[in-house]
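Same order as they appear, the protein sequences are chains A and B. Start counting the first sequence at 1; every next residue gets the next number (the numbering used here). Start counting the second sequence at 395; every next residue gets the next number (the numbering used here).
Derived by calculation from the structure, the hints in this document are not laboratory data. You may find that some hints are simply not true.
[What the hints assert, rightly or not] Below are the DSS-like pairs computed for lysine-lysine, each with C-alpha atoms no more than 25 Å apart in a straight line: (1) B:Lys421 - A:Lys130; (2) A:Lys384 - A:Lys369; (3) A:Lys130 - A:Lys87; (4) B:Lys618 - B:Lys629; (5) A:Lys224 - B:Lys618; (6) A:Lys130 - B:Lys415; (7) A:Lys21 - B:Lys629; (8) A:Lys27 - B:Lys524.
[Unchecked claim] Computed, partial: chain B to chain A, Cβ under 7 Å: (9) Phe400; (10) Leu405; (11) Glu407.
[Stated by the list, open to error] To give an idea of the chain A side of the interface with chain B (calculated C-beta under 8 Å), a few residues: (12) Ala3; (13) Pro9; (14) Leu214; (15) Glu220; (16) Ala221; (17) Lys224; (18) Thr225; (19) Ser229; (20) Leu231; (21) Pro237; (22) Ser241; (23) Ala244; (24) Asn245; (25) Ala249; (26) Val379.
Since we're looking at a predicted model, the values are computed, not measured. Every residue, glycine too, gets a C-beta built ideally from N, C-alpha and C.
So you can see what is in the structure, the chains are spelled out below.
There are 2 protein chains.
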Amino acid sequence: MNAFRFYAPTLFEFGEGAEKKTGDLVKQFGGSRVLLVYGGGSIKKNGAYQGVTDSLKQAGIEWLELSGIQPNPRSGKVYEGIEICRKENRDFILAVGGGSAIDTAKAIGMGVLYDGDFWDLFAGKAPIEKTLPVGTVLTISAAGSEGSDSIVITQENGGLKWGIPRTDVVRPKFSILNPAFTCTLPAFQTACGACDMMIHIIERYFTNTPDVDLTDRLSEALLKTIHDSALRAIKNPDDISARANLMWAGMLAHNNSVGIGRVQDWACHQIEHELSAFYDVAHGAGLAVVVPAWMEYVMNHDIMRFARFAVNVFGCEMDFAYPERTARKGIHRLRGFFRHLGLPSNFAELDKNIKLSDIPAIIEHRKQKPNAFPFGNFVKIDEKGMEEILRLCV
Amino acid sequence: MNAFRFYAPTLFEFGEGAEKKTGDLVKQFGGSRVLLVYGGGSIKKNGAYQGVTDSLKQAGIEWLELSGIQPNPRSGKVYEGIEICRKENRDFILAVGGGSAIDTAKAIGMGVLYDGDFWDLFAGKAPIEKTLPVGTVLTISAAGSEGSDSIVITQENGGLKWGIPRTDVVRPKFSILNPAFTCTLPAFQTACGACDMMIHIIERYFTNTPDVDLTDRLSEALLKTIHDSALRAIKNPDDISARANLMWAGMLAHNNSVGIGRVQDWACHQIEHELSAFYDVAHGAGLAVVVPAWMEYVMNHDIMRFARFAVNVFGCEMDFAYPERTARKGIHRLRGFFRHLGLPSNFAELDKNIKLSDIPAIIEHRKQKPNAFPFGNFVKIDEKGMEEILRLCV
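Pulled out of the complex, with its shape left as it was, chain A reads as follows (with noise of 0.2 Å):
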């Protein structure tokens, strides 16, 4: 195990109606005058609306909204955001939905209290020292951003979808978590958001460390859950304990309790932000194409933790004699299971608009990047290697 620090202050209120002490806990975290940063319409379908506007009433908060945020987030919003803080002198910001509001409303939180441009904080030309106060109430189960500490960002002009370099900064103060706002999700937003969860795990899970027992094991217990409650969860949208478990696991495995002590890869992560910003797909989706295709590719390179993923995981017997068909079959269970959650399995079920010939221009996009080649840390992944992998994604 490496050396780590490990500071993940945030404070989550979990379960039915929790969404009551919105305004009690923006107070206890210094908020008196909030921006509120939301989506479209969904938060006023699933009722997290109405509760957090009503708790915040009720507190005595006064607000102000900025609505309208899209999927795989752009940086517009964020200025936008960060000119109303400044004129309007707000001391706190509230996102209310999934990973695309609360990335922004980081973005934000970090942007006012930036004197240049923000976009200078994702590319590493200042560093990210300070924020105003962020609570978050969830109501996607996917991105993890509710106790995590990092912001993704595509930026309007050139499409480049960028993560900030991880730091405890930008944890949120707060988060609420009512795994019943998840309920009215669509079949295929929850797919998406299983899968995004799941591929936050196996993104710190093949890794060179060794002696990370821990930290393997109970890897491997938030992929059987997010599994079973995932299917759960698909075949009957209202059970409420399939979207608890859920709802604390998509936390977990981004929250970095599975990443301590170890290097971690993160190639898919860089892989489907290309595909993200060049065809705005939903990054789970994404994900769940590139992923499989990039464990064949550097599967060789560990056969023994493929087949423990395998085993442990799917549960596949281990073939002592052949390990490498072990390892094999639980890449096939992990595509057989997005499979059945309705997700694609290549590019022309992703979007058909994805061509091969499009592949060196997507490599090209990637270039623009600082240190844009190799990526990756269980295997380095030179341009050549993500050519590779695209194409098996094909």
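Place chain B on chain A using the hints.
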């Protein structure tokens, strides 16, 4: 899954040489005049004292010392610490050691800011609302106090061993975890520590709350890791990977990660606290005797949960025709594991002074506490139940 709040804002600095950051972390959390709390000479032998005081010096932080904290820490040292803090205007308490030093530091921290007798806060006569900031440098993997919301102290007069009503207020601001410090522990203490952490999980695992798949699986992941790592650490005390996995597991076992969303039991701790107060036995050793006895006593309440424990933690084969055989096998394996670690299996091995004829007096002693009976939640334990469990320990 039940509603819950989870708020564990302790900063963890983990790894070799982490103690070098003590001074900076004390500063970060507002400390400048420290009370350093520790036990005997072990921290001077393992290098922790040197490393910590060097770091404090380097950061320009002055300190006073309160040493001589004993296992099963007593209220006398708490009163002493409170007096020093008030007289000498301390603004930060730093514990170096295991659960005893840390619990003493935590009790001093909240006692300093309370106007009456600090014992009121244990007895529930006054709410726990604030504390001086507390930091810890851990040298024994066991109690989990480095990340927990609890404190256990034994009253000097009357020998009542008592825990506070659990509250996030008393969680440390930071904890420094250098697994190398635990390599010099005697084997018996390593074993007691492993047992203590396993029981922190078991007290949460045996519950009547349905649909807590995630925390069930996380519990099993922790239990398996502690099992394997303890065997490694006993065999080779310098196995730093085993020590590292144990150290992080001990924190997770008791920061309530595996207790959220479920009703917890804690009957065994209640029983063991009476033994510790009566005979001053090592907490972990007392638990090694009490827990398997408690398991036998309550097993029939939920055979399938005990069978799951046997299969998922100890790898027993499930007997589908006679699940109670599997359940029994799990208890047998747990007891065998404790024995293998060198821990006692019954009262005679625990302490020769414990006699069958003492049982009524032990139960009488328990009665001095308010709401003494029944206790526990998985199965409610009344006086008769406690007597039967104690008899099973003989």
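Check each numbered hint against the structure and report the violated ones by number, ascending.
7, 20, 21, 26
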